[in-house]
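Chain U is already provided as a structure; the job is to place chain G with the ligands on it using the hints.
Residue-level listing of the chains:
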Amino acid sequence: MKKLIDIQNLVKQFDDQVVLNNINLYINENEFITLLGPSGCGKTTLLRLIGGFETLDEGKILFEDKNIADIPAHKRPINTVFQKYALFPHLNVYQNIAFGLKMKKMPKETIEQEVLKALEMVKLKGYESRNIKTLSGGQQQRVAIARALVNKPKVLLLDEPLAALDLKLRQDMQYELKEMQRALGITFIFVTHDQEEALTMSDTVVVMNEGHILQIGTPIDIYNEPKNRFVASFIGESNILPATMIKDYKVNILNTEYTCVDHGFGEQTPVEVVIRPEDIELKPAQGGIEGLVTDVIFKGVHYEIIVMVGTIEFIIHSTLSQTVGTQVSITFEPEAIHVMRR
Amino acid sequence: MKKLRALSFPYVMWMSLTIVLPMALILLVAFSDLNIFRLGSFTFTLEGFSVLRSPVITTAIRNSFRFAFIVTALCFLIGYPVAYLLARSTSRHKTLFVTFLILPVWSNMLLRIVAWERLFFPNSILNMFGISLNLIGTDLAIIIGMISMYLPFMIFPIYSVLDKMDQALIEAAIDLGASRVKTFFKVTLPLSFGGVVSGVIMTMLPAMTAFALPARLSGGRTLLIGNIIEDYFMRTANFNAGSIVSLVMMVLMIVLYLWILRFDKEGETLI
Ligand SMILES: Nc1ncnc2c1ncn2[C@@H]1O[C@H](COP(=O)(O)OP(=O)(O)OP(=O)(O)O)[C@@H](O)[C@H]1O
Ligand SMILES: [Mg+2]
Numbered sequence: 000m001k002k003l004i005d006i007q008n009l010v011k012q013f014d015d016q017v018v019l020n021n022i023n024l025y026i027n028e029n030e031f032i033t034l035l036g037p038s039g040c041g042k043t044t045l046l047r048l049i050g051g052f053e054t055l056d057e058g059k060i061l062f063e064d065k066n067i068a069d070i071p072a073h074k075r076p077i078n079t080v081f082q083k084y085a086l087f088p089h090l091n092v093y094q095n096i097a098f099g100l101k102m103k104k105m106p107k108e109t110i111e112q113e114v115l116k117a118l119e120m121v122k123l124k125g126y127e128s129r130n131i132k133t134l135s136g137g138q139q140q141r142v143a144i145a146r147a148l149v150n151k152p153k154v155l156l157l158d159e160p161l162a163a164l165d166l167k168l169r170q171d172m173q174y175e176l177k178e179m180q181r182a183l184g185i186t187f188i189f190v191t192h193d194q195e196e197a198l199t200m201s202d203t204v205v206v207m208n209e210g211h212i213l214q215i216g217t218p219i220d221i222y223n224e225p226k227n228r229f230v231a232s233f234i235g236e237s238n239i240l241p242a243t244m245i246k247d248y249k250v251n252i253l254n255t256e257y258t259c260v261d262h263g264f265g266e267q268t269p270v271e272v273v274i275r276p277e278d279i280e281l282k283p284a285q286g287g288i289e290g291l292v293t294d295v296i297f298k299g300v301h302y303e304i305i306v307m308v309g310t311i312e313f314i315i316h317s318t319l320s321q322t323v324g325t326q327v328s329i330t331f332e333p334e335a336i337h338v339m340r341r
Numbered sequence: 000m001k002k003l004r005a006l007s008f009p010y011v012m013w014m015s016l017t018i019v020l021p022m023a024l025i026l027l028v029a030f031s032d033l034n035i036f037r038l039g040s041f042t043f044t045l046e047g048f049s050v051l052r053s054p055v056i057t058t059a060i061r062n063s064f065r066f067a068f069i070v071t072a073l074c075f076l077i078g079y080p081v082a083y084l085l086a087r088s089t090s091r092h093k094t095l096f097v098t099f100l101i102l103p104v105w106s107n108m109l110l111r112i113v114a115w116e117r118l119f120f121p122n123s124i125l126n127m128f129g130i131s132l133n134l135i136g137t138d139l140a141i142i143i144g145m146i147s148m149y150l151p152f153m154i155f156p157i158y159s160v161l162d163k164m165d166q167a168l169i170e171a172a173i174d175l176g177a178s179r180v181k182t183f184f185k186v187t188l189p190l191s192f193g194g195v196v197s198g199v200i201m202t203m204l205p206a207m208t209a210f211a212l213p214a215r216l217s218g219g220r221t222l223l224i225g226n227i228i229e230d231y232f233m234r235t236a237n238f239n240a241g242s243i244v245s246l247v248m249m250v251l252m253i254v255l256y257l258w259i260l261r262f263d264k265e266g267e268t269l270i
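Chains as they are written, first to last, in numbering that gives the first Met the number 0: chain U, 0 to 341; chain G, 0 to 270.
Isolated chain U (complex conformation) (with noise of 0.2 angstroms):
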């Protein structure tokens, strides 16, 4: 395999906020390498250092050996998909697809010819004249990712491009981009905070947090040696929910208040809590988190128990059944609660 981006001791700083710290870290040719962190960790930066929308404070980042704070942002062989899409509302589906080929002053015919391929890889064919307002959050997705790709750039920046979707769309468009990485060669770099995107799709994981890369290796190598607590917290089939930090040591989940174990988040927070499936003790309805049990599956060693919690899922792994139906309440201990910043 061949290295194709090479960063090396880069530091980051916003005023005085180092918020990149000595990151090292080379990705190769036809890689699916994705950054994985909790939400402020310095993800977003480190692609914007890549894709030439920032510049770094010390230490360099090389592209096929050179200096890539030679080559300027719109020259780089590198194309962004934004967290927000950021397609062009003046335009429509075709001229927003065909921008960046008009740019490179392509013929018209091959524009053409391109467009409608990139329009076919995504599944959008007939959209070409359609209102970018007029499409929903998944086609509007599907065009950003033609608008990046139909460029055939070297590299594939991804900024949590699911984030906006609903589950199912979401794993249908991650079985999808990875079908189309594979096919193309492109280098992705992916940008996530959902863990089980990065293992299902990644061929390598960087997990961060605060600007530190923590580790680096194959989703499998992660999962089953996490390098330290933070990583084994943050790995691994969980459940992720909205929740305000009340104040240190005291995080409202669901309209209930827990002692935690976290601090530091400020008061009145808005928050994510992860807990981990084995964490969660199902005891007969009593207060608190109440939910009704609508799955159990045995999965050999333990139960996997799904309770909704309004519309809320809740994942618990068990070794004791529940009865489909019944009403319970989640329980957990203090240490079981990982806040997260939002």
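Careful: at least some of the hints might be erroneous.
To be verified - To give a feel for the contact side, a few chain G residues facing chain U, derived at Cβ under 10 angstroms:
id, residue
1, Thr182
2, Leu190
3, Glu229
In short, the hints are calculated from the structure, not lab data. Don't be surprised by glycine CBs; every beta carbon is placed ideally from N, CA and C.
Coordinates of chain G with the ligands only, in the frame set by chain U:
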């Protein structure tokens, strides 16, 4: 719903009194020989429209359009870059700059016109610096005066559109290989077109109907249509001719307005 409708009653009354009634009067007076000082019998006639053939009036209309177009174009050429730099500025004093731009709008317009007039006289306070502008009576005086009055109305709509524009769109264009210049012409400018259209309307319409400004800064030498209308109503009391000219201007401006609005489809027309 019914209750809310009752609340709009004072507003409807006010609008009727200040807009509908005068409009009706203008229509009536324009299309008849009604004499305000000898009310009583009158007949409908189109005779009054013959004033439009008078060279004084055609020249004034032409002048009004000429100045409005020149001033609007110059306001756009000056205003767009200012709005752009202001919107892109990351300075902490940005709000202060914006306030400085609004400030003159809050002071009395007539006062500002007179201030320019004083500066344009051969003998002005500028003589202190050995400068005598002596511009009174020139087109340049009117143009400078109008630009200084209307420029903020061009800058603000453009600024507010540019300020709200999603930065990611600019980055997307660069990401797709557009240089800074290309990005400006293919993305920024088309997306700010709505602001440009508002700015053009807000500059062109008052410029077209100005009367105090040309009266003072031209020393009475250049007549704009506003001066003619003022003259008919305030001096010669020829209400019929005044109404006719007002009406014609109104129709011309509505046509112009609709024509300008056609361009405001988020700049689709520019690509
Ligand atoms: N332009 C900026 N100016 C100042 N600070 C910034 C800027 N951009 C990012 N930061 C800070 O840098 C840190 C990393 O931000 P970044 O956007 O890279 O996080 P992220 O990992 O992408 O988070 P998320 O998952 O929420 O998108 C954050 O603390 C953020 O506040
Ligand atoms: Mg981000």
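(Q) To test your reading of the hints: which numbers does this structure violate? (A) 3
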